[in-house]
Amino acid sequence: MSQLLQIENLHAEVAGKEILKGLNLAVNAGEVHAIMGPNGAGKSTLSKVLAGAEDYVVTSGAIRYRGNDIAALPAEQRAAQGIFMGFQYPVEIPGVSNMIFLKAAVNAQRKERGEPELAANDFLAWVRHRVKQMKMDPAMLSRGVNQGFSGGEKKRNEILQMLVLEPKLMVLDETDSGLDIDALRIVSDGINAMRSPERATILVTHYQRLLDYVQPDFVHVLAAGRIVRSGGPELARELEEKGYGWLQAA
Amino acid sequence: MAANPSDTLVPAKEIEALVQNRKYEAGFVTDIESERVPPGLSEDVIRLISAKKREPDWLLEFRLKAYRRWLTMAEPKWAHVHYPKIDFQAISYYAAPKSMANAPKSLAEVDPKLIETYNKLGIPLREQEILAGVVPDKPQVAVDVVFDSVSVGTTFKKKLAEAGVIFCSISEAVREHPELVKRYLGTVVPVGDNYYAALNSAVFTDGSFVFVPKGVRCPMELSTYFRINERNTGQFERTLIVCEDDAQVSYLEGCTAPQRDENQLHAAVVELVALDRAEIKYSTVQNWYPGDEEGRGGIYNFVTKRGDCRGRASKISWTQVETGSAITWKYPSCILRGDDSVGEFYSVALTHHRQQADTGTKMIHLGRNTRSTIVSKGISAGHAQQAYRGLVRINERAEGARNHTRCDSLLIGSNCGAHTFPYTEVRNPSAVLEHEATTSKIGDDQLFYCRSRGIGEEEAVSMIVNGFCKDVFKELPMEFAVEAQKLLQVSLEGAVG
Ligand SMILES: Nc1ncnc2c1ncn2[C@@H]1O[C@H](COP(=O)(O)OP(=O)(O)OP(=O)(O)O)[C@@H](O)[C@H]1O
Ligand SMILES: [Mg+2]
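Going line by line, the protein sequences match chains A and B.
Taking the numbering used here, I'd label the letters of the first sequence as residues 1 to 250.
Taking the numbering used here, I'd label the letters of the second sequence as residues 1 to 497.
Calculated from the structure, these hints are not laboratory results.
Hints may be right or wrong, so weigh each one.
Reference listing, derived: stretches of chain A covered by chain B, where coverage requires no fewer than 3 residues with Cβ under 8 Å from a Cβ of chain B [said to hold, decoys possible]:
#1 49-60
#2 78-88
#3 108-122
Far from chain B, some chain A residues (derived; all Cβ distances over 12 Å) [as the list claims (entries may be wrong)]:
#4 Gln3
#5 Pro38
#6 Ala125
#7 Met136
#8 Leu141
#9 Asp189
#10 Ser196
#11 Tyr207
#12 Asp217
#13 Glu240
#14 Tyr244
Where a beta carbon is used, it is the ideal one built from N, C-alpha and C, also for glycine.
Bound conformation, chain B alone (with noise of 0.2 Å):
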């Protein structure tokens, strides 16, 4: 199922106008002194990297096995994107602000440009006045930061701790919770797993560790911003979320980056482990510098995200909302492997101008009535390409699963396209799969309808596609789906003529 620009109708000149225009608001660089190894990457680099992060063996191990295995790997090439080859030696694997080198032990002591980055992303790392109540109105989350390739500090430690929640920089957790972070990391995504999660596993830098035990219902959202500021790094954070048996979760992420007119590269990895009845909601709000109007510069955000439903009536949902970066290649997965365990992936990308994305999930039903849930709303404008690609996949013992996809496209303009790509593998007759699938575009006449009731184009366009992803925003956390909704706004916003 594929919807060409020359299968669809030529809509108002002026949305695409709006859509030009788009903005990109955290684009600015943060002037610090960063310590930086050089460019290249070879067994000395990873050793180097984890030395200066005083790591254990085993994990050495860990990042050299990867490292060795990615050797022999190709880059994926099935993606619908294209651009042109990257320089692995060229990107330098790892760098941290300088005042980091003694790693702070409290955000006092966190150097104040760094916490001013973060204000001006309108991101709360002054827990004091969050608790004072000086800011009365923000829900208390408690937030970890990652900028370049180190974390900066944790907020709420303390009363996360009194919970018995553990969230910390995945760095910290290696030095504190080592054996926790050996027994769950790369058992969701073994270190050969992809290209990309191979190369993770070999630089990882830093990223987020969350542990909740047993009974736990974690007191507050976690939340974690990335943030890319260095020049010519690449960014491989490493998320870890693990919860017992009935506890729950729910975390944030958020992405930004300077406007640059390179590329930079960003291969994560997230990695979920949902033990018995236990529920993870993990909702990301991704807005990476796009690249400009011509295609320059940009993140390439190939992204390996896995959740392991390894108990009975565990939960893990996804929640994502997509704006940013020039390339992403991404599939949030589920493996619902405990018997009656729900898999859930709610998303919403928006791309334009010369954005690609190339993004979807996979439902990998092992357990007896195993239950997943796929909404997908692709909004693509400009000239950008937009791909859902979909695998859901029943084996033999998941005896009445059930699978809901449903693919929705919103064409604006008729330069850009909306490509779908629903993959299903059934191994168990017992098995009810239901796919729906629509391309439209916003319509001249919607659009007068709204302007003969006294809306403004702008206004209409921005209204027309939220309602459009309403089906994802109500999955979303209330602050994140405002701040949703918002990114949308201003991701479409331009001077009507």
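Bound-form chain A, shown alone (with noise of 0.2 Å):
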């Protein structure tokens, strides 16, 4: 199995304040990889980190993607090659629609990858498809992007996004969190049908819930800016059970 991305003693601050403190972590194409760890650990800042959030900035470390350093790529780039980030909290774009967002991101990569823009037609089916898939109803697509959209349908409409744009590296942060129980199936069903040899998923979740639908290859803890933990889905169980204070005792 060939190595996605390897990230390695990897320190970054916000605001003048270190974060993430020597982190480690190695992702094989194929797998699913759970994160979990207490509030303020530094999970979605990793995820920050990942996908290229410019406030976040890296003092020491490496992040190989697919062999590359990708320190110095703007956000928009590692967008491109594949790097997908779900929003624990996703952002409103009032008045541009859903499915204006969507062409300009559909293109903006094709153009970055040097492929033609897709279709109108193309573009349009393939949309719906996905829609369906997600059993979103298709007049949220001219509404605005996330624009008064509830907690659950602004989760949702990130796992679309994510199935329009088919990434390579799918880091989700949270996407469960505020999903009802319908939802959080038809979420899950998303994120395995992108399961693939050629792809690997960032799980962030705070409950076994969601990995009892998408099955990790690897669970972690995170915590104080490190991965103080890795495991087989049993660790997930077990810190459901016991919480964290067991293993920052240890």
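Please assemble the complex out of the two chains, which come individually in their own frames, going by the hints.
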């Protein structure tokens, strides 16, 4: 199996405060990794650093994606190369319809990769297919991006975007939080549909529930800016039972 | 409600860089010999202009009356704009391309250089080609073009005449339809209405005239393009649009000027008259030269635009997209005189660098059950200052009047400002007024969200701005909406580092 992502001794800070303090993680193509950990541990920070948010500064260490150091790569180029982050708090863009947004995203990525733009009809058919898969109301496509969406709808929209863009590395930051039981199932189906030997997924979550639907190959505990424990699916169940206290004590 | 830069978060530096690099695409000068009245203003100059245009006595009297009123008036000082005192004696009040001295009878006789100028601006004057389908995608739009002080030609005249619509330059209207011009000119904006309107009434040189008779729906969009070419000239155009009972028209106005170091004055007057059940839709895309980053040059745009809903259930709708001018002072207004009449104002104003804009609207409710809607979207970038100033007045007799006002400001960068001054005067207790106002900035989180999906910064800014303006763009005729979006894009264009 080829290595898709390799993070070595990563230190990163935001607003002058160090959040990631020597984090190591290796993800192979085909794998699903779950990252759990207490509030404020740095899970979202890690996600944003991977996606290329500029207010998060890497001070030392390396992030290699398909063998290349991506530290200097702007966010939009990372996206074009297949890195996708599902936001813990998806952002509203009033007046810009989901359709226009998706089209701009797909075509910008294709352009960056040197591929021709999708014909309008093909694009429309593709998006409709994905909307159906996510059991969303097609009318949402003409609404503003996340504008007035409920918490759960926003999360579902993140997965829709993922399905439309078909990335290689999916970093989903608490996509399961705020979903009702049916929506959790739909979202999980969406994530599973993207599982393939060429792709990998990092699931940031607080709950075993998601992992019942999307079975991870590895579970990691991120605490105080580091991966402090890694294991198989059983680790998540153990955490559900005991919390994080016993780890920190250890 | 004022949002000062200090109240807002500091967004990414790059956005500011984006805005710094805006280019002015219409900034070329046409090399044409012109005939110009020497700078300065006096009764003699006015008589000279009137004589050059072979005007009837009543119009000369109209001008002189306005001039005498103007002499007694003072420049308005209350607008939220700052500029050095204008020397009205240093301006030339009449400039015409020499080849126009013997006014052309048709477009075929117009100086090819002028035609070329307008082609460069993307304005189709060659109606033959459009009619012949050479330019298949262009919808049919009749165009009147004003170059410095004179109108250089109106397209599609014949087709309009068949429908009974008169669309020509105001000079031609004075010659061909004097009784109509005399009946309506100055009835919406009286000669002494305000300082700049008085000046315009004294010295206006050309502009467009539209008359749509009873029951006629104008068969095509009408359009005027104004271009200031001559150095040190003022442009004082006068537009008069009249729709009789049940008539309808949609009118588009576009403006450009070459890039110059000195400031040029533009003081237009637009009067609209809608009789019973008539509808007038007036759209403007204004792209005068805004001046450079330091605030050198640019157009001073002091305009009086007013519509009179004179008849019952008539409707006047102003839609404007303003990206140009160094200073804009402009309040397209509606007088809702007829019962059940409707006034609308949809506006997008983009200011950057050192641009200043003080714009808004007035809705004067006189008739019963009159309704008005105001949607104002202001975008400020660089060191620009922008103010929205809106007046909603409900008079005693205006039983059941309603107004809805929505003012949104978007700030790009940390050195610009947006200010909102809503005024209301309500003299009838049955009135219902709603006012909403927001100020936001393009957030780093929005930009990052777009970028994380692969959309580059420049495209993201333009997309967010377009989204912000959507409520106004959807009011524009299709072709103009596309143009307006492109204009905003160009205005926000620049090299991303
Ligand atoms: N812009 C910022 N300025 C200051 N501190 C920040 C900023 N962004 C994040 N932090 C801090 O960094 C730490 C890690 O935050 P992060 O969002 O990565 O945690 P998390 O593991 O995702 O937590 P949760 O489970 O609650 O989502 C927190 O203490 C947070 O307050
Ligand atoms: Mg988080």
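Assertion that A:Asp217 lies farther than 12 Å from chain B (Cβ): holds, 25 Å
Take a quick look at A:Tyr244 and tell me if its Cβ sits farther than 12 Å from every Cβ on chain B, holds or violated. holds, 29 Å
A:Leu141 remote from chain B - nearest C-beta pair above 12 Å: holds, 15 Å
Taking 8 Å as the C-beta cutoff, is the stated coverage of the stretch 78-88 of chain A by chain B satisfied by three or more residues? holds (count 6)
Confirm or reject the coverage of the stretch 49-60 of chain A by chain B under the rule of 3 or more residues with a beta carbon closer than 8 Å to the chain's beta carbons. As far as the stretch 49-60 of chain A goes, the hint holds, because 5 residues have Cβ atoms under 8 Å from chain B.
Please verify the coverage claim for the stretch 108-122 of chain A: does it have three or more residues whose C-beta sits within 8 Å of some C-beta in chain B? Check passed, 3 qualifying residues.
Compute the least Cβ-Cβ separation between A:Glu240 and chain B, then decide whether it is above 12 Å. Correct as stated: the minimum Cβ-Cβ distance to chain B is 30 Å, above 12 Å.
Closest CB-CB distance from A:Met136 to chain B, is it above 12 Å? holds, 17 Å
Decide, holds or violated, for the assertion that all CB atoms of chain B are farther than 12 Å from the CB of A:Tyr207. holds, 24 Å
Measuring Cβ to Cβ, find out whether A:Ala125 lies farther than 12 Å from everything in chain B. holds, 20 Å
Is it the case that A:Gln3 keeps its Cβ farther than 12 Å from each residue Cβ in chain B? Consistent with the label, A:Gln3 stays out of reach of chain B, its closest Cβ about 23 Å off (over 12 Å).
Minimum Cβ separation between A:Ser196 and chain B greater than 12 Å? With a cut-off of 12 Å, A:Ser196 remains clear of chain B, as the shortest Cβ separation is near 20 Å.
Checked against the numbered hints given earlier, this structure breaks none of them.
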